[in-house]
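These are the residues of each chain, in order.
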Amino acid sequence: MSWLFTLDHKRIGILYMIAVLTFFLVGGIFAIVLRVMLALPIADAGNQMGMEMNDTRAIVHSQNATVPDEALNLIFNPGQRTPEELQTDVEAVLTDTAAKNPNANVPIVDYAQLNEARTAAAGNYATKLNNHNTLYNQSFTLHGAVMVFLFIIPAIPAIIGNFVLPLMLGAKDVAFPRLNLASWYCYMGGAIFFIWVLGKGIMNYIVPTLERVWGGGGLDTGWTFYTPYSTETNTAVVAATGGAFILGFSSILTAVNFIASIHMLRPKNMTWFRMPLMLWALYATAVIQILATPVLAITLLLLIAERVLHVGIFDPALGGDPILYQHFFWFYSHPAVYIMILPAMGIVSEVISVFSRKHIFGYAFIACSSMAIAILGFLVWGHHMFTSGQSELLNAVFSIITMLVAIPSAIKVFNWLTTMYNGSIRLDSPMLYALGFIWLFTIGGLTGIYCATLAVNIHIHDTYFIVAHFHYVMVGSTLFAFLAGMHYWWPKMFGKMYSERWAQIGWFLVFVGFNVTFFIQFIMGALGMPRRYATYIDKYQIYHHISTGGSLILTVGLFLVLFVWIHSLLRGKQAPANPWGANSLEWHTVSPPPHANFDHAPPATDPYDYSHWRWKPEIEGYILDEASEPEERQAMAHNDS
Amino acid sequence: MNKVDEHHDPHLAHHFDTPVQQYSSAKVGMWVFLATEILMFGGLFCAYAVYRGTHPEVFLYANHFLDTNLGAINTVVLLTSSLTMAWAVRAAQLGQQKLLVGLLFLTLLGGFGFMGIKTIEYTSKYKHGLWVGTENAFYYKSDSFTNPEKLVGAVEYGESHNAVTPSTESTDSLSEQIKDVAQNDEQVNQPQAVLPTDAQTNIPEANQGPVGLSTQFGRNEGDAAAYNYPEKKPLTYEDLTPQQRTLVSQFFQIYFLMTGLHGIHVLVGMALIFWLLIRSMLGTFGPKYFVPVDLVGLYWHIVDLIWIFLFPLLYLIH
Ligand code: HEM
Ligand SMILES: [Cu+2]
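Quick note, the sequences are listed as chains D and H, same order.
Each residue of the first sequence is one higher than the last, beginning at 1 in the numbering used here.
Each residue of the second sequence is one higher than the last, beginning at 1001 in the numbering used here.
Treat the hints as calculated values from the structure; they're not laboratory data.
Yeah, the Cβ is synthetic: ideal placement off N, Cα and C, and Gly gets one too.
Just so you know, not all the hints are guaranteed correct.
[As the list claims (entries may be wrong)] Pair ranges (Cβ atoms, derived):
| no. | chain 1 | residue 1 | chain 2 | residue 2 | range |
| --- | --- | --- | --- | --- | --- |
| 1 | H | Ile1038 | D | Trp439 | 52 to 60 angstroms |
| 2 | H | Pro1010 | D | Ile192 | 30 to 38 angstroms |
| 3 | D | His595 | H | Ser1124 | 53 to 61 angstroms |
| 4 | D | Thr387 | H | Asn1069 | 48 to 56 angstroms |
Let's have the full structure, built from the sequences with the hints guiding it.
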């Protein structure tokens, strides 16, 4: 109980962790539902009809007579003929046969029965396909929306950020602990509402009688809620957008808290350019959250008003403009992808430096490029709308600005590589995930240039190429950096070590599974497989099979990671205060930190200077080497006591 | 960093070192939050700008339906309450208990005044069929298109209301005009794809392409003419093409969305001020502790500021 009313940022971080991981599981289950449906698609219409028409064949053969092939062909491939025309044509063939071969036993076909069977078969098939599509549409909406709004956006800031931000500042808590808890309740409220509404539709599909118990629901608009479809579908758009609106509040409250904490709680000797890069990243993220989320909020409110009151803001019939909806939506959602990636980059900066045992290269460049990405991120939303019919001039402008985002991103990648160069690299699991991040982010980022190139975009728009691209950047980087961060700070969070060996095996499965799942989708997309389709022509089957296979490996890997964590909680060894020899402030207190974090706040020095930490085998951790401590620190320690 | 001494003042939370640090943090937090409020309204201002840009003549016409006098009175009411609020913050800082209670009460009164006048405005709009969505007489899916008296009532209200040349149009000719919409439709090649093809039956929407932002860069002739609309001549219903008339409802939708959202903010502000009022009567605030008064004050000023933008954009446009 004390947990549910806690104001301690560490506990709130752990509450977020439990919730976010649960929703990740929900989103993941639906990812597998999608992949399995795509591995076993309803075959194309012709084949399926052919199978259903076996009944029809039986009707013809029941006459106990030889039906000439020509007649059968006509019956099974009627083309555009009406039933009457078909009857005339078939009868003509039969008379013809009888005339040519008087001995033949020519069947008498019951055309009424035949037509009935044919209609029934077509109807059956249509229902089946329709159900299949409904389930698929609702599943990918649930999967996409849950993953975006409930997993990747909050994962790093809300779990890891909440836990480490005050510690890295040497502070006792975030600036507004009560607001922090309120933000968690907003998150839980919005999330449960969201899953309830979206899940209902799918449950109704599985157990149709349930609809009478709790009414309709579900959502089939995709996570983007595009108008005009979203104002017309009869699924629960209002309820779902209402849930997203509440989630936005949670996001804003966390951002307010982080910005105020970084401004006001920084110790005096921690200047802006001495902050750990993780803090820069969280700061830039919070700025985006503040600037973008309110625009999403008003967009959702307008959508609700459009559905409930028919205000016609987005309805072309009333002079409204559905493209305005897309502008609004992407004005939030493009920056949102930076809400996902910037904190990820913060984690990677920390991990790469610590596990290379080298000072991070180009500190100021990395810090400033975070802010540059945050700002540029607001100027490129139109690259989601190249095919929407906006003016060509806009297209060209958005294309060029989009290319510019590559510069600060590349700066970071090159700085990480330079940091590793000549370092003494340790391949512990956080480092493996960070390297995985660089690999996946590079592929995702480079394919982003394809997407931003106008001519190429026309070809790959709304194909699996896009699906692969956003999974590489969003999952590849956010999920990998999240896992890097979880492994890196795990000992600090829970005071327990995990099995390094099994963690590495987990990494291997996740990395291989991910690449098998999504790399093939680039190829299939370039070949023309459209996204958001439940069935496809045979040519794409092999690619879908490979992708589904990869997703199963990925699933096994992720469960292994979960077991490693649970095992560590139950059986793990006591963690030392500083298992990695890092120098940011959170490693200067015991693991896990006490209620007010530090009994004596440590003076902040250069967070990437590892020279004064010595490995101590007895505790399997690092301790401060008093003798080699920088003078500055000693001086401050003296002043303090 | 200094250790927090054990006898610190009860309003200082354990994770702050000094009251000044705590106070400044609260202010930073509030300002950042208010930035989100402004951005949220920013979305509506964008929608306003886009539709005003694509149908300027319609906005010029439709704005005559709003009551500028009531709007102006409301502006004064809100500004005054902002003043009393600012003064209340000062009173709290100086520990003038009675003055604080009185000023908060006046501010709250200002809130009630504002909402009261809003209610009068809204009711009169409702009475004349100028309401939200399909309830708006100009909305072509509303029943005013099958029952033209409603539209006539609305038009006459608007035109008499702002002393624009009153309409001499009779009900009959108006309904004739509405029936004519279909024919005009083909002749008037308007850039807006919003053409009721037949006011009496359901209008097919399927082939109406997106308009506005998605149209090509260059403007069509009709638009240019609209932009140079002779300003001296008062706009009347007859001056507008049938297509433009159907767009009038869009102005009202934006009006209701903007003032509605603003109104909700005023209500929230009133609730907060009420809470301050109760606490100030209990003597909670004084020179040592006035942060809540200060923060609510900031909020109230922002709400006021937003109205300062809404009033000219909606009521005074030319
Ligand atoms: C566990 C492995 C995953 C698999 C096998 C998977 C599979 C899929 C599939 C099949 C689609 C539908 C594509 C379409 O029909 O257009 C999809 C869409 C999507 N996925 Fe995943 N996914 C996985 C993990 C994730 C994660 C972790 C995230 C978020 C970080 C994510 C975010 C999305 C988004 C945003 C969409 C777009 C939905 C839309 O089209 O609107 N996925 N995924
Ligand atoms: Cu984008």
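Quick rundown of the hints versus the structure:
1. Range check, Ile1038(H) to Trp439(D): Cβ separation about 41 angstroms, and the 52 to 60 angstroms hint is violated.
2. Judged by the Cβ atoms, the range 30 to 38 angstroms given for Pro1010(H) and Ile192(D) holds: they are separated by roughly 36 angstroms.
3. About 60 angstroms separates the C-beta atoms of His595(D) and Ser1124(H), a value consistent with the hinted range of 53 to 61 angstroms.
4. The hint said 48 to 56 angstroms for the Cβ distance between Thr387(D) and Asn1069(H), and at roughly 49 angstroms that hint holds.
Hint 1 from the list above is the single one not met by this structure.
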